Amino acid sequence: MAKIAFDERGADHLLLMREEHGNVAPALISKGEDVGDVRLDVPYQLITILETVYSWVPKGKIAVITRRCDEKALAELTKRGYVDEKRMVNIGLACSKEQVAMCRCSDPVPSKVDLGEPNKPAPIDELSEKLARMTPDERLQFWVKQFRKCNKCFACTHNCPVCFCDDCVLEERTFVAEQSIPPGLSFHMIRSYHLIDKCIECGECERSCPAEIPLLTLRKMLARDMKKAYGFVPGDPKTVSPLNTTLEGEQMEEECDEC
Amino acid sequence: MSVKHVLTTCPYCGTGCNFFLQVADGRLVGVVPCKTDEISLGRLCIKGYNAHAFVQHPDRLKHPMIREGGQLRRVTWEQAMDRIVKEITRIRDKYGPDSIAVLASAKCTNEENYLFQKLARAAIGTNNVDHCARLCHASTVSGLLFSFGSGAMTNTIPEFDNAECILITGSNTLEAHPMIGARMLRALDKGAKIIVVDPRETPLSRISHLSLHQRPGTDISWINGMIKIIIDEGLVNEEFVKQRTTAFDELKEVVKDYTAEKVQATTGIPKEKLVEAARLYARTDKAMIAYAMGITQHSNGTNLVKAMANLAMVTGHIGRESTGLNPLRGQCNVQGACDAGGLPNLFPGYQRVDDPESKAKFEKAWGKQLPGSPGLTLTCAMKEAMAGKVKAMIIFGENVMISDPDLGHLEEAIEELEFLAVADIFPSETVQKANVVLPAACYAEKEGTFTSTDRAIRLLRKAVDPPGEARPDWVIACDMGKRLGSSGFDFSSPAEVMDEMASLTPQYAGIDFGRIDKQVLRWPCPTKEHQGTKILHTQKFTKGLGVFAPVHHAPPMEEPSEDYPFILTTGRNLFQYHTGTMTRRSPKLEREAPEPYVEINKSDAKRLGIKDGERVAVSSKRGSITLKARVTDRIILGSIFIPFHYAEAAANRLTNAALDPIAHIPELKVCAAKVAKA
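Residue numbers (my numbering), protein chains in the order written: chain A, 1 to 259; chain B, 1 to 678.
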């Protein structure tokens, strides 16, 4: 790992996961430091961690262990200028079969595989299919039942790599009342729609949800709509969201980097 | 550039979630959940995600201070400690050691609490040492010591996942212990039946299978009623009762009058629902009980806990996986502060101070003559201060000026003291009363251990330096002990303190920092090879046979009257924590719950002409506060609820300091009150 990051790709720092205190921990190390016992089997959301610490690393290239979804998250960040592409070094990790199954992932192989063996995408998200077959009322009841478990921990935004607004709309009283638990349906709808052209389906929201609300399925259903309506899929460094345009058809500039 | 992820333990409730503090160049910049932590499973509640937010707040106490001419003035540590030692020595010489009381802290580590009680007992010479467990689970300790012989959660947090029935009472689990609540949700998703008994609707009761609303202060009635139904319908676990328990006949005799009709009249719980709950709990194989302050904070709290123990024993739902009686402890280290002997009648490990053998053991270890009779409880120490018998207090990290009942009288008692020293992290309401103030390090700035509610001993690891001249409490306690002329305070690290504590505390004998650095160990852990104990009372109860206690319903000390027609009950909300010193300085938490409020039933509000959001005055015989009305159908008719976090409308100005005769826990959950438009 150190060899790929520091010697072959010229990184100065490396963000990885390793064993510490009988647990697996995220760690940012610098060139020359011991990498320790690297662990690839625990899916920490390193891009979210990178965003927090990025401004504290003023110089040098940062290598990050990147799954395919992490690559896409980085693309969304660099497009918006949050992270300087020239400072980033990706170390591609192909997800295990188990991880692919857990994420019902349709795109599990990074553009360059440095670690792990490439696996086939998961065929379908069964829950999405099941929900699609339900009547609108059944579907609504399903989600109401799920969202009633929400305890407003904000894990779904806190841990999300593409949730980066300075002022979060979910913390704005006009849209989400304070103190309400569970928050209304709109809480989840605002969140998912706000991410509709950014979410890269890493599944971190679902993994970190204490109530185990199937948030990744909610996303997959919306992603299908987004693709159908606009032919757009987030995560490509070269494309721009169709929603990021003015009414005159020009791309928005300056007005809102975040959207 | 320095970026670290430091694994440590959450400073809020007693669940004991571990997470990483993100530190960049000495600044705390965030919290990352630990995905491999077997308690949190890589998930946190909103308080956990904001546990870094208050640490480097500008309000932190940074320098020692001495009050002169009514003003607190900055001094050196030398001057502050000199003053404390001079005053404590003077007062001890003049009035005797029992005129001094030390308050330990459920927010401090095991090692610190061990030192606090050693300071009181060995250096000052009094058993007057207590802490806020007196206000939360004192009755659990006394009640379960009687019934089982051990006053702690019988099972572990992860076991909630696999329960088939969970009876939750007096616990708003999703708000007060969110990650335990999450386990209950997981059980629910897997098909478990959840029964909630609470005067209020809670986030969990709204999705439970059965939600029973009792009038506050009537709990023994419904518990005895359930036991009667279980006996009458032949649902008693006869084999368990015969082999593992004693005094069942006395229990039978007591519960025979608690017919479902009578229980309905007393509690307001419809009899069909009570029958359904009793059958469901008794008939399910893996049935757990979780309870908290709704059971303990009553003037008959000890009896209430014993009644819960009766219910668990009668069905044999104890001593096996995913069963048991599980008191949820509310502070990060309230379990540990009790374990470490921060109690006036007990040495570390629940060894009695009036047991000659235990006393001799500690006298030998500490090389000191020790006082042989139990000291004053926190609640009694305050009354004795009022009576002029307690003259000085040293308070480590407790904000009694908000957390204790009947604050009007408490304030007078505190002002009666000749000397008050307070070590804290923020200028709390209690700090404002102190003669000497010591700035302490918080959880993120020191090492040590917390014992969580399921007896797991979890490490704190230092992430950042304390602000200014602040010091960890263990350093302060050692310094104070030495200056008071006592030996046995020469420790160079918390690990060394734990080694001494482990050598004197049988339940902790197998614990050392090296072991718990890598694994979760739960006490009892009697040897270095022992892997800890998940489930208590598997073969026999700690005291041998479990004892049924014949307990009767008794009304609360104060019942509604013509002048004060409402029952006031108090508690927490999800976003604030206790007296708010930490959460109210965490912007995202404060945003969610920025102001005090009283929950009142829609019909009651309508009758009084009170609209949602209107300001009202709530009064009891002891005081009055003004706050916003929250008109809701989530509380039963005739009862009102106020969270106790808010100094500007402190619920404890109203609460009753009536005490349970055994545990000395105050009746924080029931008093009579009136509501009027402000």
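Honestly, the hints are just simulated from the structure, not real lab data. These numbers were taken from a predicted model, which means no experiment stands behind them. Think of the CB as a built atom: it goes at the ideal place given N, C-alpha and C, for glycine as much as any other residue. Fair warning: there could be bad hints in the mix.
[To be verified] To be clear about the criterion: a stretch of chain B counts as covered by chain A if any three or more of its residues have a C-beta under 8 angstroms from a C-beta of chain A, and this derived list gives those stretches:
1. 123-131
2. 178-184
3. 410-424
4. 562-576
Each hint, compared with the structure:
Given as covered by chain A, the segment 123-131 of chain B fails the check, having 0 residues with a CB less than 8 angstroms from a CB of that chain where 3 are the minimum. Counting residues of the segment 178-184 of chain B whose CB lies closer than 8 angstroms to any CB of chain A gives 4, which reaches the minimum of 3, so the coverage claim holds. Given a C-beta distance limit of less than 8 angstroms, the hint that chain A covers the segment 410-424 of chain B is violated, as 0 residues qualify and 3 are needed. Coverage of the segment 562-576 of chain B by chain A holds [criterion: at least 3 residues with CB-CB distance below 8 angstroms; count 3].
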